[in-house]
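Model the placement of chain B on the given structure of chain A, informed by the hints.
Protein sequence lines correspond, in order, to chains A and B. Each position in the first sequence, counted from 1, maps to that position plus 200 in this note's numbering. Each position in the second sequence, counted from 1, maps to that position plus 200 in this note's numbering.
Rather than coming from a laboratory, the hints here were simulated on the basis of the structure. Careful, some of the hints might be misleading.
Because identical chains cannot be distinguished in the list, a pair is counted as satisfied if it fits within a single copy or across any two copies.
Stated by the list, open to error - In silico DSSO-like pairs for lysine-lysine, Cα to Cα no more than 27 angstroms straight-line:
1) LYS609 / LYS633
2) LYS257 / LYS526
3) LYS536 / LYS597
4) LYS652 / LYS298
5) LYS520 / LYS676
6) LYS543 / LYS257
7) LYS298 / LYS313
8) LYS222 / LYS257
9) LYS247 / LYS529
10) LYS257 / LYS247
11) LYS608 / LYS676
12) LYS652 / LYS514
13) LYS529 / LYS298
14) LYS652 / LYS676
15) LYS333 / LYS548
16) LYS287 / LYS672
17) LYS536 / LYS526
2 protein chains.
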Amino acid sequence: MAKELTPRAENYSQWYNDLVVKADLAEQSPVRGCMVIKPYGYAIWEKMQAELDRRFKETGHVNAYFPLLIPKSFLSREAEHVEGFAKECAVVTHYRLKTNETGDGVVVDPEAKLEEELIVRPTSETIIWNTYKGWIHSYRDLPILCNQWANVMRWEMRTRPFLRTAEFLWQEGHTAHETREEAEAEAQKMLHVYGDFAENVMAVPVIKGVKSETERFAGAVDTYTIEALMQDGKALQSGTSHFLGQNFAKAFDAQFQNREGGMDYVWATSWGVSTRLMGALIMTHSDDNGLVLPPKLAPIQVVIVPIFKGDDQKNAIAEKLDPIIKELKSKGISVKYDDDSQKRPGFKFAEYELKGIPVRLCMGARDLENGTIEVARRDNLTKESINLTDTVSYVEKLLVDIQANMLKKALDFRNASIKTVDTYEEFKTEIEKGGFILAHWDGTAETEALIKEETKATIRCVPFDSYIAGDKEPGKCMVTGKPSKCRVLFARSY
Amino acid sequence: MAKELTPRAENYSQWYNDLVVKADLAEQSPVRGCMVIKPYGYAIWEKMQAELDRRFKETGHVNAYFPLLIPKSFLSREAEHVEGFAKECAVVTHYRLKTNETGDGVVVDPEAKLEEELIVRPTSETIIWNTYKGWIHSYRDLPILCNQWANVMRWEMRTRPFLRTAEFLWQEGHTAHETREEAEAEAQKMLHVYGDFAENVMAVPVIKGVKSETERFAGAVDTYTIEALMQDGKALQSGTSHFLGQNFAKAFDAQFQNREGGMDYVWATSWGVSTRLMGALIMTHSDDNGLVLPPKLAPIQVVIVPIFKGDDQKNAIAEKLDPIIKELKSKGISVKYDDDSQKRPGFKFAEYELKGIPVRLCMGARDLENGTIEVARRDNLTKESINLTDTVSYVEKLLVDIQANMLKKALDFRNASIKTVDTYEEFKTEIEKGGFILAHWDGTAETEALIKEETKATIRCVPFDSYIAGDKEPGKCMVTGKPSKCRVLFARSY
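If we strip away everything but chain A, and leave its shape as in the complex, we get (with noise of 0.2 angstroms):
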């Protein structure tokens, strides 16, 4: 059938490209490296950013908005900020169109140029420190604690749908402190918050950890990382949390009057996650059948569908399954009853494994007679019958379980995935298979390059936690033979 996706083992990324396409995720737009987020991929990203959303009000944060367009100048002020990642963006140099001469069409006003240009926000630590300033003055208005769901857009070269795309929806979180303490646990905190959005939301398991210089947000002290790995081997990074130090506070002059009457510059984070979220989603979880996802991403969890043959069935079907449609739905439980007679079941069925609904439920004549209804999991693609009269109680139970057994099931494969090695021979061999690898490293950038340059691997962070025995032990730099601190988490990554 034409919804047919081409195999994870055939061809990983093809399967990826078809999977977003068929199950209406998104599509391409005329705008280079920019998507349409369809509907049905709408609704999942609207569930992500609802249950983020509560997390961070719970954690004490406010939502605010700050302008799309920032003045080029801003980007220079920081100076590694600049260097790092922000020219890559989209610039805008005029205010004006015109009609043409031929009447027919528009062009650019040239009367109409900005004198200084304007940058579509590839992140907004530069407007927002520009604007902290002005709300910063003494110890007591600190902490700021805002987040902002925004659009941004950094020019990419290469770019494929949720995992890199030219403009993608985000939220950024941008806090102000008091003290470098408060700051970095601030920092960590939110961390934390994404690691147990990903683990018990997604159902994606992640590996928590600090990144290198080398792959550090341009202009922070610190950043601290979410890595999950994808069902190819491949990590991605899911989230990231930045300890700004005083950085950006220095390039547009935040101070405050601090406990003691002195002057002090303002301490910053910033941490945000995006819709790359969803390419997580798709590539923890999905198969060759389509996408998988889990209960409470679900933007429908359940779908019934009665097989029928003429209206006097299709009528006693519906009369024995309303009554369970309104209890499901009184448990908050999200139903849908697709009784469309011009689709054949089979066409459904395949449909709906496509689109990851949870749990199906089936009713035919048999099942009309015997008082049972069948039960297939998207998960697992098990199929069970069961006494129709428990059907809510037994729905309920199953999303949990799928809910938990999805996160297992990523888990263990992730914990498969992560191997030692010691020397850099075995490292380049096993880095060839895809997963995680902990290494001993010297902790230089060069060597760090070089690792990247003969292999694409990079490093990934250096895990807060231990994953396998002895991973936090002193060592030698697997390269260099020079000492090293603990293991660091390697992979090649999207």
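Just chain B now, kept in the frame of chain A:
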């Protein structure tokens, strides 16, 4: 005190600007015409969004996301659309910056010039219809009922916070239909959703009607509008819904196979409200003491200020109030308990009045003795002492009362501000006094333009409903004496 506002009677415009800044709603940004929406202002907008989004979904709509940037050529596809308003917009011409010669700043890289310029969306009909074209093949693909929450940009020359800003936040619904009737019904349905929201959530009474051809959205066949009246007698267009006919479908060649097997162009609507609603909210209800918020949109509905000397009193009051706060919260009422001993109660009262908190509770030593509590309502500034034990039920009812009272007050003012006039002389006198005027008009753009030029008044709409006896009866144009079908609504406007 520093927070004092310019009185409305002295300078209404300055009062508005003062209020926006001093109540922490928004502030100017360094980017011309773009504002920073501060957390308190954004929290109100979030409540509006949630209420609107729920209504959109209840009427069968889903959210999606389309690109920020639109290829320049798209804008000229629908001739009236580009002629009407798409010219004053931010134009992206380059996609890269580079370090300047002195190495201390960035300049636009002339090598990175786009082949075709991109426009920051002023509205999304063009990019969306270019997309819908691919989604629609047969009548079975219809209707499409999408909404988008997004930022848009129009390079306005004179800007005012919320009312007219270069960048603003909004939602834009874009729907596609099989028949003219269905599309027209959709456009009207969504106008009624806006009207219901304005009146029942914002407590802002609106007049619903259809725009004259001159005031119509560029590219629409009909534009429906909700018009509110501000305290200074000027009208504010608060939301519009457009029946677009087949104009955009023709411009983007979006055809579908109809039920008879032939090909038809798709029928379309679009509809939007924006952060401009914040301006309507402020200018309908607020007073010289600050913001007045309807309970349904107040981020904090109830503030409680204990008045105490020493920790014993502080603790005794807290102990009494703690169960009341818990009970209020359990009923979904948002409560702030402010026992900050650094600030005087009078300072707090002024601050919460400025912020428009609907209900203020205050408990002091005497209340503690008598088992009473003082209740102050923001809408009419009255105070009352009640039994402490009655607090929860009293407050619950009071919030409903305040919501209703605010609508009634605004409605009484609005209704008292609708006049009829029969001569143009009378019109010229009355329009100076502010308010709506129902008058006869000959239906020509020439007369409309003359009236606008001579009086600065525009036709706000041809109202659906009757507001003054006989206003739906035919008559003679006040300017030309030519026949008129019914009275139309004039006002000076924002």
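A quick look at each hint next to the structure:
Proximity of LYS609 to LYS633 under the C-alpha cut-off of 27 angstroms is restricted to the intra-copy arrangement: shortest distance 20 angstroms within a copy versus 72 angstroms between copies. In this homomeric assembly, LYS257 and LYS526 come within 27 angstroms of each other (Cα to Cα) only across copies, at 19 angstroms, whereas the closest approach inside a single copy is 32 angstroms. In the homo-oligomer, the alpha carbons of LYS536 and LYS597 lie at most 27 angstroms apart inside one protomer (18 angstroms), although the nearest pairing across protomers, at 38 angstroms, exceeds that limit. For the homomeric pair LYS652 and LYS298, the shortest alpha-carbon distance between copies (26 angstroms) is at most 27 angstroms, but the shortest distance inside one copy (49 angstroms) is not.
In this assembly of identical chains, the alpha carbons of LYS520 and LYS676 never lie at most 27 angstroms apart, being 68 angstroms within a copy and 64 angstroms across copies at closest. Taking the closest pair of Cα atoms, LYS543 and LYS257 come within 27 angstroms of each other only across two copies (26 angstroms); inside a single copy the shortest separation is 44 angstroms, beyond that limit. In this homomeric assembly, LYS298 and LYS313 come within 27 angstroms of each other (Cα to Cα) both inside a single copy, at 13 angstroms, and across copies, at 19 angstroms. For the homomeric pair LYS222 and LYS257, the shortest alpha-carbon distance between copies (24 angstroms) is at most 27 angstroms, but the shortest distance inside one copy (35 angstroms) is not.
Proximity of LYS247 to LYS529 under the C-alpha cut-off of 27 angstroms is found in both arrangements, the shortest distances being 17 angstroms within a copy and 25 angstroms between copies. Taking the shortest Cα distances, LYS257 and LYS247 sit within 27 angstroms of each other both inside one copy (16 angstroms) and across copies (14 angstroms). Proximity of LYS608 and LYS676 under a CA criterion of 27 angstroms is satisfied in neither setting, with 34 angstroms inside one chain copy and 78 angstroms between copies. Taking CA atoms no more than 27 angstroms apart as the test, LYS652 paired with LYS514 passes in neither setting, with 62 angstroms inside one copy and 62 angstroms between copies.
Taking the shortest Cα distances, LYS529 and LYS298 never come within 27 angstroms of each other, neither inside one copy (54 angstroms) nor across copies (56 angstroms). Proximity of LYS652 and LYS676 under a CA criterion of 27 angstroms is satisfied intra-copy only: 19 angstroms inside one chain copy versus 82 angstroms between copies. In this assembly of identical chains, the alpha carbons of LYS333 and LYS548 lie at most 27 angstroms apart only when taken from different copies (25 angstroms versus 57 angstroms within one copy). Taking the shortest Cα distances, LYS287 and LYS672 never come within 27 angstroms of each other, neither inside one copy (38 angstroms) nor across copies (61 angstroms).
Taking the closest pair of Cα atoms, LYS536 and LYS526 come within 27 angstroms of each other only inside a single copy of the chain (11 angstroms); across copies the shortest separation is 37 angstroms, beyond that limit.
Of the hints listed earlier, those the structure fails to meet are numbers 5, 11, 12, 13 and 16, in rising order.
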